[in-house]
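Read top to bottom, the protein sequences are chains A and B.
The opening residue of the first sequence carries number 1 in the working numbering; numbering runs sequentially from there.
The opening residue of the second sequence carries number 1 in the working numbering; numbering runs sequentially from there.
Calculated directly from the structure, the hints in this document are not laboratory data.
Just so we're clear, the structure is a prediction, and the values are computed from it rather than from any experiment.
Zero decoy hints are in this set.
Some chain B residues close to chain A (C-beta under 7 Å, calculated; not the full set): (1) Asn227; (2) Ala253; (3) Ala254; (4) Ala260; (5) Gly263.
Using N, Cα and C, we set each Cβ at its ideal position, and we do this for glycine too.
Listed below are the residues making up each chain.
2 protein chains.
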Amino acid sequence: MVHQELPVAVDAMGGDAAPDVVIDGARLAVAAGIPVLLVGDPDRSVDPVAARAVAPWVVTREALPMDAGAGAVRAMEGASIRRCLAEVRAGRAVAAVSCGGSGATLVASVIELGLEPHVDRPAIIAALPRADGGTLYLVDAGASVDCRADHLAQFFELGSVWARLMGGALPRVGLLSNGSEGHKGSKVVREAHAMLEGRPGYAGQVEPHAALAGAVDVLVADGFAGNVFLKTAEGMVELLRATFLRELEGDPAARASLPALSGVLAALRVRLDWRSRGGALLVGVTAPVVIGHGRADAVSVGAAIRLAHYAHTSGMVEDVRRALSSGASSSVGSGGPA
Amino acid sequence: MVHQELPVAVDAMGGDAAPDVVIDGARLAVAAGIPVLLVGDPDRSVDPVAARAVAPWVVTREALPMDAGAGAVRAMEGASIRRCLAEVRAGRAVAAVSCGGSGATLVASVIELGLEPHVDRPAIIAALPRADGGTLYLVDAGASVDCRADHLAQFFELGSVWARLMGGALPRVGLLSNGSEGHKGSKVVREAHAMLEGRPGYAGQVEPHAALAGAVDVLVADGFAGNVFLKTAEGMVELLRATFLRELEGDPAARASLPALSGVLAALRVRLDWRSRGGALLVGVTAPVVIGHGRADAVSVGAAIRLAHYAHTSGMVEDVRRALSSGASSSVGSGGPA
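Only chain A is shown next, with the shape it has when bound in the complex (with noise of 0.2 Å):
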């Protein structure tokens, strides 16, 4: 008996153009030679033959808006994004990506997969350009807004866990901090500071501007500040484009030298638009499940699906559990082995 790969499970009613952008998306990562199975209504699509062909569907015909609340998450069973953890729940999926609402998807996870025995709060982790040119892992961007010191512990782990797979040996993990002094940072910042102090990895207290140079390749932080991290790096780009465009159009020499400027603009947009990231990974439930962007194109939704794939095939859950369950003992003691 041929030993088949069990498919990543695909929201396709999730994003501003599903499905449509899901579905294409999806054929993206198949060709890929990633399986997917895609879950929603494919009568929505433009073209329900070809969407029936990109791979095989569970079908329902519910879906949520963008927008929903924790209440209509809890009370649509049927909803897409529901059936497609539920997929994941069942062993039928090893995965699961929507480009829905993030807190539907959040709420939407807890409820179908559960947390981690060790986890008290799921995070988000989102993956941003450095100055440097490497990459910077934030954690959390947007899961769980109020946290405890111990919350912030946990994030250190899981950060660091994610980091490792993505190629760092020993990643340096910070606390978002505003200065890097032991005395500054919040209460719980300076609390966690303590906690982290003498683990291995841990960089210390850390200010945007100097991750965002290099400084660190993970950033911890509660769900409230690093959602503004993520948000005002997201909208300074945005300021810095409609500045640029501002200024140009009074300038007809240098908008006559833009032609000369295209590989370095293109290279810009790539490295610069989210959209191109594929999406963010909830981390601390019981499977990957990667949030894509609402206004996410086919190329960023097949990134997402092989983000959530790789999640999966790296062992980044077992690799959590690991982490968390010696990290559970240590986390009262002097700093063991993270």
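Based on the hints, put chain B in the right spot on chain A.
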């Protein structure tokens, strides 16, 4: 008898290139008609005779290091920043400027000047560029790290007053948050949102990228999240600059086109380099204090002195007092006049 305008007291010893850069900045302010009082050690200048000719001096040989903690600030009563603020307290100067450490300036300001009657926490107002060409006033940019909801409600008043004095008739004031819906935000942000709802000018919870795009004129945050916002914005400008330069390196044709872009790039620099903005305004203490950049150049120091002078002549402290003494009664009510 000729009425003599009282000077702005300037800490000559604060900043990486003190005292000479500060003295040069004072010279620019004096040339613009603003009386200045320099506080520090003119003999540490490369040209003590010229330094003494710029403005009157209060001579002190003591100065605090840039990273001085609160204890050092309390202990060194003769430090230039303390003496500078003592001149304001004694009524011999109307406002103060320092490019020394912002933490030291904050602590010294509270010691020497004290807080306004209805202010529980001081705040720093920083001005940032917006994508629509406007200015965003951030309050608090880093003075008061752990805040309660009623502190944020005070910052709402402080920011509104300043934005009005800077030319906004009815400034739109938002609460920095991870979402724009009322159920988002940290516990403290949700509480502050409930306190502020219905107040004139209150624009609700605002996400960082929306604030940078132009959704509000004033952004209210605790000093932790506000500082993360500010330093992420600064870090992204550096990241974009570094990425642009790196991409240019491998692209000779693009490099050759740069001269045509020089006007656009210079305009971007003026708009986005925080050093061109003079400094941030400390509010909530009994007189205006401007915290200049540690790496300020002379033009930036001059702008900081002008900012302090304007904060005095515009009646900022009196307006804050009025707003908060009426706000103090309405803050527990249903949102009276701001």
